[in-house]
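Model the full structure from these sequences, guided by the hints.
2 protein chains.
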Amino acid sequence: MSSFNDYPSRNHYTPSAPPFPDPLSFPPRPAQPAFPPSYYLGQPAQFPPGTHPEIIRSFSAVDRDGSGSIDEGELQVALSRGYQRFPLRTVRLLMFLFKRGSSSKIGPSEFAALWSCLGQWRAIFERFDRDRSGEIDSSELRDALLSLGYAVPPSVLQLLISKYDEGGRRRAALNFDSFVECGMIVKGLTEKFKEKDTRYTGSATLTYDAFLLIIIPFLVA
Amino acid sequence: MSSFNDYPSRNHYTPSAPPFPDPLSFPPRPAQPAFPPSYYLGQPAQFPPGTHPEIIRSFSAVDRDGSGSIDEGELQVALSRGYQRFPLRTVRLLMFLFKRGSSSKIGPSEFAALWSCLGQWRAIFERFDRDRSGEIDSSELRDALLSLGYAVPPSVLQLLISKYDEGGRRRAALNFDSFVECGMIVKGLTEKFKEKDTRYTGSATLTYDAFLLIIIPFLVA
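The listed protein sequences derive, respectively, from chains A and B. Note that UniProt numbering has the first sequence beginning at 1, numbered continuously upward. Note that UniProt numbering has the second sequence beginning at 1, numbered continuously upward.
Derived from the structure by calculation, the hints contain no laboratory data. Accuracy of the hints is not assured; some may be wrong.
When chains are identical, the list treats them as one kind, so a pair holds in a single copy or across two.
Claimed, not checked - Heads up, simulated DSBU-like pairs for lysine-lysine below, C-alpha to C-alpha not over 30 angstroms straight-line:
(1) K105 - K194
(2) K163 - K105
(3) K105 - K196
(4) K192 - K105
Spelled out as structure tokens, the structure:
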């Protein structure tokens, strides 16, 4: 996710981004936001250009001290208003996957990325929940993850479903909470794996230390 | 942990095992237990020879239907009586690490192994909690894990402490619950790593599938 300082290059233009600065002017003029500057200028919080005002409002509503960063409890409240109430475990996982460095809080750009990502996942969940049951089953999960670019083998799908399926249901299936959690775990672990498999061979060699350091952060305490 | 059927060979004699059958008799006589047979004979549950009667009583007290296996709720009750009340998350982790195959329950031999292991860890915790504060800090955790045979690098120790330390304490330290959880995670992950590093080189090559299949079971849902 680009931050306000990472102004998109011409090669990465997206329709939601504000207009490019005039390349002939030097030094380049600051980027002009496409929506009222009061939403993100003059505050410690800096949202990427083009951030939907609703996302900024959601963040500001929970960042009551205006510090420009929110903790897991505040994120849970913001998501409850915009999406649904996620269990704290899911919120912690989202926090871990989107925060930068060792901070226990996230700022505007991470929040905007997280919010947009959840929006995409909600759309995918609804697309693959073909019978509108509010749940997706194993083969729907496979297709949903594939549409996100993750080719997850059947043994892993089975394991995910068995762990995240609520006991006592008539069939093995995931609700949106569990879908987000499963999907985020696959996304997070796949990204970690790719960092160690830079040539995309499908195998990665890890030292014992690296192995532990990759896994332990996913064990949400 | 040997089961009752894995009768110890002469090379693996341990003081707690019952006497060996007479090698000159053929066919060998069944092993004679060193404590009253009513504890483990004539029940579906089969404890390894030499299991402490207290462990057998603890198991039987929660296995009310006498099925010979107990689930995570029953394990939590048994541990509450014998050790302390562990959070369900810790109980699930213990269950996962000690159960065999895909079962969601554990039988007598797994229960006995788990119980003995906890006893050892309690003794280690008490040994390394030198000031009897009920907590061990980072360097004590390092020494405790080292005494169990796990040389955990400082970066991993720091990560473990930061995840399992309860917020708001004056110093980074673990209580017995968290110590057990951290220790079991290190033990479990190290064993998985060793399976892939059979020549003890300190590095292991994993396919994407194997990587996911190792990690996901540790993510206790």
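Consistency of the hints with the structure:
1. K105 - K194: Cα proximity of K105 and K194: one copy only (26 angstroms, versus 35 angstroms across).
2. K163 - K105: Both, since 28 angstroms and 15 angstroms are each at most 30 angstroms.
3. K105 - K196: Cα proximity of K105 and K196: one copy only (27 angstroms, versus 36 angstroms across).
4. K192 - K105: Cα proximity of K192 and K105: one copy only (21 angstroms, versus 32 angstroms across).
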